[in-house]
Amino acid sequence: MKKIELLSPAGDLERLKVTLLYGADAVYIGGERYSLRANATNFSLEEIKEGCLFAHRLGKKVYLTLNIVFHNEDMAGVEEYIKEVVDASIDAFIVSDPFIISYIKDNFPGVEVHLSTQNSTSNYKAVEYFKSKGVDRVVLARELSRNSISEIIDKTGVDVEVFIHGAMCTCYSGRCALSNYVTNRDANRGGCAQVCRFAFTTKEEKKFTMATKDLNLAEFMRDLIEIGVTSVKVEGRMRSLYYLATVIGSYRELIDEIYADTLTASKMSVIKGRLDRVANRVVSSQYFEKEASEDDQYYTGRSEVSNQNYLGLITGYDHINSCLILVERNYFEVGDEVEVFTPDGEVFQYTIGKFYDDKMNELMVARHPEQVLLIPFFKEVPQYSMMRLIRKVKKYE
Amino acid sequence: MKLLIEVSNKNKLYEDCIDGIILPLEGFAVQGGCYFTYEEIEEIVSKNSSLDIFVSINKNMFNQDIEPLKELLIKLDKLKLKGIFFYDLSLLQLKKELNLNISFVWNQTYMVNNYKTCDYYFSEGVKYALLSSEITLEEIKEIILKSRITPMVFVLGFPIVAFSKRKLISNYYKDLGKESLEKLEIFDDLSKEGYEIVENSDGTNFYLKNIVNGTSIIKELYNLDVSYIIMKDYGISTLLFEDLLVDTKKYIEGNCQDSSYIDKYKKLGDNTGFFFKKTIYQVRQK
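Residue numbers (the numbering used here), protein chains in the order written: chain A, 1 to 397; chain Y, 1 to 286.
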């Protein structure tokens, strides 16, 4: 049986490399045009080439989102752009427009086309339609339950991709123009202003909100594997390096443990704990087990919390002083309990003792983001390893 | 050019002042002002042979909807309908599998934005397209001129803004600890716009509570030989809507020469939606 694919977002080349190193089997990226994240960094053609080269060397894949809802003016140049991206060795396009699907299938039969979730495909008959048009994979609507997903797979035999983690839209994808009306920003061309996270006035005493909790299907990964899902997808091309490394690393470990039949309750608890700590919103399983209900949304407007567990990125090792070289991100101090974690899945528990600035002046606290620090450590760790906070030092009055 | 309407009261169809009507099918349509059972549609068709009657089947379908949908499509195919408005692609698949003769209208709201995709659907056997209400008149014109599909344009009524599967009003009132309502008005303090949201068993629909008044562009659409313009009565008084329909018919029959028509309906407001307002999507300099 083919192993389920772990698909990660990547907003730029560094995130692409980091998520692949942390265990993603494939990444999805946006180009400088035609992507639903018009305000993300996005990839130039040269970067797409470099990303594909990097991924293919690891035996992994890169998919490009071409999933805006096209207006007349967007059609100018799209055919040339598709050719250029194919020449850059992309493995698949993620598309919502059926004209674009037919154009790619007619002209580049060797390249896969994945139907975007922007189509909110929610039944087996619609999947059959796209199968007949040569679509290689369907990213299903996020409104589907386990049983519905299973039935679609059984009845169509089409490869399906399911969102497992990250932010959710309140409305059906593709069926929302709130951003257009409230802010004049076109949601379906990449300008979504996330109006579903705004608070609206009503005649009642409390504002009306409709923001959803984030999705987290970690505890249903075994179900997803058993029902035959081809690919599980993490949301968040605009998320931080630390978030992606933690989420992708955690799901990599979870999937591998399930296939090896070594997943224990305590391992699951550790993985869930990591995912919980990196989240900036409360999570739920949304529609997977039951219809989404009042428990799956917020009633207080925007509800993100700033995550300060990410202490820094390890950029090298000072062999003379036997220290990790760390670029600081958040405050920490002597006595804090931390973890150093690596793209290979290794995790080292560590209590901050002495540490230094880049002139080897000893410090007690790290309080300047982007400052280069030297942390005594017994071994070198791979590039893109990171440090996260587990527990603050106990202080006694 | 024909005048097509969608109504919010089953008992008021304005048959004498229109060319056609869209009937949302109970259980299979969303975002309608009211819904009609198959039997009611059958009866309306039998009594109104001169009207172009379309049925709207525009909900997002789920697996359990497919078999009953199939049965209904077979029955609807036998009625003298002008066409079916569809959103979900399962309908196009079923049209092929069941060899349905009835014409289809591509009605994917915010997605009907360009001439090439219109032509794609035309090549798939779809005769009509209801163009997006979120594109400009210039974009509409380009689609009309370049596509082989027969265009329809929504010109008047509360525009539909979004649809969610969630029960957003019920959830809100559960949180408040109060009994829920079917409708709720919400207001965005920044844009100063109000929205009416309506909940039923399929989810929650959002209307902009500000009529799009496209009476001033009807002449241009007429000159472009648009086949159908659409008006919706939701939120408009019966008397006013009836007058509007009568006057619109006269205006069209007079080749849209009577400028007093436009002046008369300025009373419906000056919101021309996106006909003359282009949306943006890149807000950050690259």
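Take these hints with a grain of salt, some might be off.
What the hints assert, rightly or not - Below, a sample of chain A positions facing chain Y; criterion: calculated Cβ distance under 7 Å: (1) Met75; (2) Tyr129; (3) Thr201; (4) Phe348.
What the hints assert, rightly or not - Derived lysine-lysine pairs resembling DSBU-like cross-links, with alpha carbons at most 30 Å apart: (5) Lys70(Y) to Lys207(A); (6) Lys155(A) to Lys70(Y); (7) Lys49(A) to Lys131(A); (8) Lys131(A) to Lys70(Y).
Rather than coming from a laboratory, the hints here were simulated on the basis of the structure.
Here a beta-carbon is modelled for each residue, glycine too, at the ideal position from N, C-alpha and C.
Hint check:
1. Met75: It holds, given that the least Cβ distance between Met75(A) and chain Y is near 5 Å, below 7 Å.
2. Tyr129: holds (4 Å)
3. Thr201: With a minimum Cβ separation of about 4 Å from chain Y (threshold 7 Å), the hint on Thr201(A) holds.
4. Phe348: violated (38 Å)
5. Lys70(Y) to Lys207(A): Not satisfied, since the Cα-Cα distance of roughly 42 Å exceeds 30 Å.
6. Lys155(A) to Lys70(Y): With a Cα-Cα distance of about 16 Å, the restraint between Lys155(A) and Lys70(Y) holds, given a limit of 30 Å.
7. Lys49(A) to Lys131(A): holds (29 Å)
8. Lys131(A) to Lys70(Y): Within the cut-off at roughly 19 Å; holds.
When the structure is compared with the earlier hints, violations turn up for hints 4, 5 and for no others.
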